[in-house]
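Participant: One letter stands for each residue in the lines below.
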Amino acid sequence: MKKAIIILINKIISKIGKLVGKGSSLPGRISLKLDKDIFKKIVLPDKIIVVTGSNGKTSTTEMICNILERNGLRVGCNKEGSNQTEGVTTMILNACNFKGIVQKDVLVIESDERYTRNTFKLFKPTYLVITNLYRDQMTRNGHPEHIYNIIKDAITDDISLVLNADDPLSSLFGYKRDNVIYYGMNRNSLSHTVNKSVYNDSKYCPNCKTLLQYDYYNYAHIGSYLCPQCGHKRENVTYAITDLRLSEGQVIFDNDYNIKMNMSSPYSAYNMLAAYSVCNLVGIEKKQIVNVLNNYVMQNDRVQTFKLNGHNAMLLTSKHENSISYNQSLEYVVRENKDCTVVIIIDAVSRKYFTSETSWIWDIDFELLKEKNVKKIILAGKYVYDLVQRFDYTDIPKEKILAIQDLDEMMKETKENSIGNIYVVTCFSDRMKFLDRR
Amino acid sequence: MKVKILHLYYDLMNLYGEYGNVKVLERHFQDQGFAVKVDNKTLGDELNFSQYDFIYIGCGTEKNLEHVSKHLANYREDIKEYIEKNGLILCTGNSFEMFGKSIDDKEMLNIFEYTVKRLKDRKTSDIIYTSDILTNKIVGFVNKMGEIENNYHNLFKVEFGIGCNKDNKYEGVYYKNFFGTYVSGPILARNPELLKLFVIKLCEKENIKYKEIKYENEEKAYKLVLTELEKRK
Ligand SMILES: [Zn+2]
Numbered sequence: 067m068k069k070a071i072i073i074l075i076n077k078i079i080s081k082i083g084k085l086v087g088k089g090s091s092l093p094g095r096i097s098l099k100l101d102k103d104i105f106k107k108i109v110l111p112d113k114i115i116v117v118t119g120s121n122g123k124t125s126t127t128e129m130i131c132n133i134l135e136r137n138g139l140r141v142g143c144n145k146e147g148s149n150q151t152e153g154v155t156t157m158i159l160n161a162c163n164f165k166g167i168v169q170k171d172v173l174v175i176e177s178d179e180r181y182t183r184n185t186f187k188l189f190k191p192t193y194l195v196i197t198n199l200y201r202d203q204m205t206r207n208g209h210p211e212h213i214y215n216i217i218k219d220a221i222t223d224d225i226s227l228v229l230n231a232d233d234p235l236s237s238l239f240g241y242k243r244d245n246v247i248y249y250g251m252n253r254n255s256l257s258h259t260v261n262k263s264v265y266n267d268s269k270y271c272p273n274c275k276t277l278l279q280y281d282y283y284n285y286a287h288i289g290s291y292l293c294p295q296c297g298h299k300r301e302n303v304t305y306a307i308t309d310l311r312l313s314e315g316q317v318i319f320d321n322d323y324n325i326k327m328n329m330s331s332p333y334s335a336y337n338m339l340a341a342y343s344v345c346n347l348v349g350i351e352k353k354q355i356v357n358v359l360n361n362y363v364m365q366n367d368r369v370q371t372f373k374l375n376g377h378n379a380m381l382l383t384s385k386h387e388n389s390i391s392y393n394q395s396l397e398y399v400v401r402e403n404k405d406c407t408v409v410i411i412i413d414a415v416s417r418k419y420f421t422s423e424t425s426w427i428w429d430i431d432f433e434l435l436k437e438k439n440v441k442k443i444i445l446a447g448k449y450v451y452d453l454v455q456r457f458d459y460t461d462i463p464k465e466k467i468l469a470i471q472d473l474d475e476m477m478k479e480t481k482e483n484s485i486g487n488i489y490v491v492t493c494f495s496d497r498m499k500f501l502d503r504r
Numbered sequence: 030m031k032v033k034i035l036h037l038y039y040d041l042m043n044l045y046g047e048y049g050n051v052k053v054l055e056r057h058f059q060d061q062g063f064a065v066k067v068d069n070k071t072l073g074d075e076l077n078f079s080q081y082d083f084i085y086i087g088c089g090t091e092k093n094l095e096h097v098s099k100h101l102a103n104y105r106e107d108i109k110e111y112i113e114k115n116g117l118i119l120c121t122g123n124s125f126e127m128f129g130k131s132i133d134d135k136e137m138l139n140i141f142e143y144t145v146k147r148l149k150d151r152k153t154s155d156i157i158y159t160s161d162i163l164t165n166k167i168v169g170f171v172n173k174m175g176e177i178e179n180n181y182h183n184l185f186k187v188e189f190g191i192g193c194n195k196d197n198k199y200e201g202v203y204y205k206n207f208f209g210t211y212v213s214g215p216i217l218a219r220n221p222e223l224l225k226l227f228v229i230k231l232c233e234k235e236n237i238k239y240k241e242i243k244y245e246n247e248e249k250a251y252k253l254v255l256t257e258l259e260k261r262k
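From first to last, the protein sequence lines stand for chains L and P.
For what it's worth, the working numbering labels the leading residue of the first sequence as 67, then goes sequentially.
For what it's worth, the working numbering labels the leading residue of the second sequence as 30, then goes sequentially.
FYI, nobody ran anything at the bench for these hints, they're computed from the structure.
There's no promise every hint is true.
[Claimed, not checked] Going by beta-carbon spacing under 7 Å, a handful of chain P positions derived as facing chain L:
1) D40
2) N43
3) Y45
4) H96
5) D155
6) G214
7) N246
8) K249
9) A250
10) V254
11) L258
Every residue gets a Cβ at the ideal spot worked out from N, C-alpha and C, and that includes glycine.
My request is simple: use the sequences and hints to build the entire structure.
Facilitator: Here it is in structure tokens:
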């Protein structure tokens, strides 16, 4: 079939899909069925940026798009669509004219880690940004080393890798390889020398399983390390967070650039740095990048603030089956250091499909909530008893904890008997169950 | 009354919250009146099994399993003796793979006859299993990359989900007081009766009368998961 017809079909089905509220995979799937070699017949822009990794890929992708657009580039991006091979195909074909030329200066694509090997058969990224690899949706992903192996299969020598030097696993893609650019966070006032996390996936070198020597940690196992056996280490970085002042909501890049952060945390600082790095690599001046990042407000912000029966309330969207994302929310609550009530809801376990697997709640540092400012903890949702059991193995006093399975009752209790500020910690898949009951 | 638990490869084989198994065992042994000591051991440590009342090994990545199996191979005779002398040992997730003859062409401890074939892709599944030694069903999740062949000491029957091998409906290894299963994560936290079985076994070993204690939340959590999984059969 002629490419113009496939492109037309792709566009029409996308339009119809949008009208009826269907996802973005179908048009791409049909297009690839009609011609599996369609990508050989279209003209892609010179620059293709792909972002993958366990956490932060959506935010990073969104920031890259905005920086490039605000600097006058025409950008094709899948920030609203699917990040699997077919969804990416849909977006790219929709960006084509009928001669098959993509009408964009640059493509910025978020890619599901497990789909990189399929996607990269269709086209090769110029830059591949890998934010980090850690425990995430393991019912589907297996474990981080498994994902490492899958991505490894997809990487060819001609792709420039943009890597987080501070993550021992994802930085291993750059081990003894050319064509790698590293970014990372230097030692700062937040860095610490003991890893107190519930688990430590980088105690041993991911390459040879020798004990790693750490200089410091920035969070979890992200920091500066050296393997005395094989030499795998935090490499020198081209782009750096040189200071992080969370109390002032500020992050400093490359010594010179002060950026005001909206929701300041080491996690978002890393995402910003990843975006900054790759945008500079494609030719945008640092100063211009920083102008966009300053006071940047995420489109799909994971944080939502509102009033609840006179209390200041905040919903901190975390991801089920992802302990680091939960820790991120809990650390925020503790860092705010205000008298508060914390509501934790696990009603549906998986974000994608049904499972009753709750092992991941043992990986979350709930112990963080033993701080004095946390006055009350309400556990809720269908899987509340798994949560209660997990809390039973922390040092948090039992009288602070209330377990309520029914969500209406949870809301009544939260409204009527909360102490101080209210923080609701749950997954985006469960968050409307709270918000709709307000 | 002292009890010593060995949490073997506590760091490398702790992929799905498996340390939870040791936590609940410790607590439940304490509730029976035992003074419990947990030893965490890993690569490079000297191992002396005979001093322990319970040995636990959890799940790890395929690469981690390869490394710990080389370490444990140095103690092959000792661990075999521990098992033959009715020592209590629980291996969850892929850790029991190394007690067989081989994983593909790599030789393993050769304590049991089974062999392991590495799969190209992972196999995952919610599961419901039954067993002759339990009244209640086992619930949990399997997240594995191997298939077991020639296993003559099955622990579970598969009622829902996947077993050790796609050609039959069995799962796990049960020999004397050796318990192995692919079920990953804190299986004891999620299956009160299995936990109780180990507590009773220990009481018997120490000649102590088992005290019946109600753990309401654990029962409720178990019942909910079972109900949810039953719906999907
Ligand atoms: Zn190494």
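Participant: Check the structure against each numbered hint from earlier and tell me which ones fail, lowest number first.
Facilitator: Violated hints: none; all satisfied.
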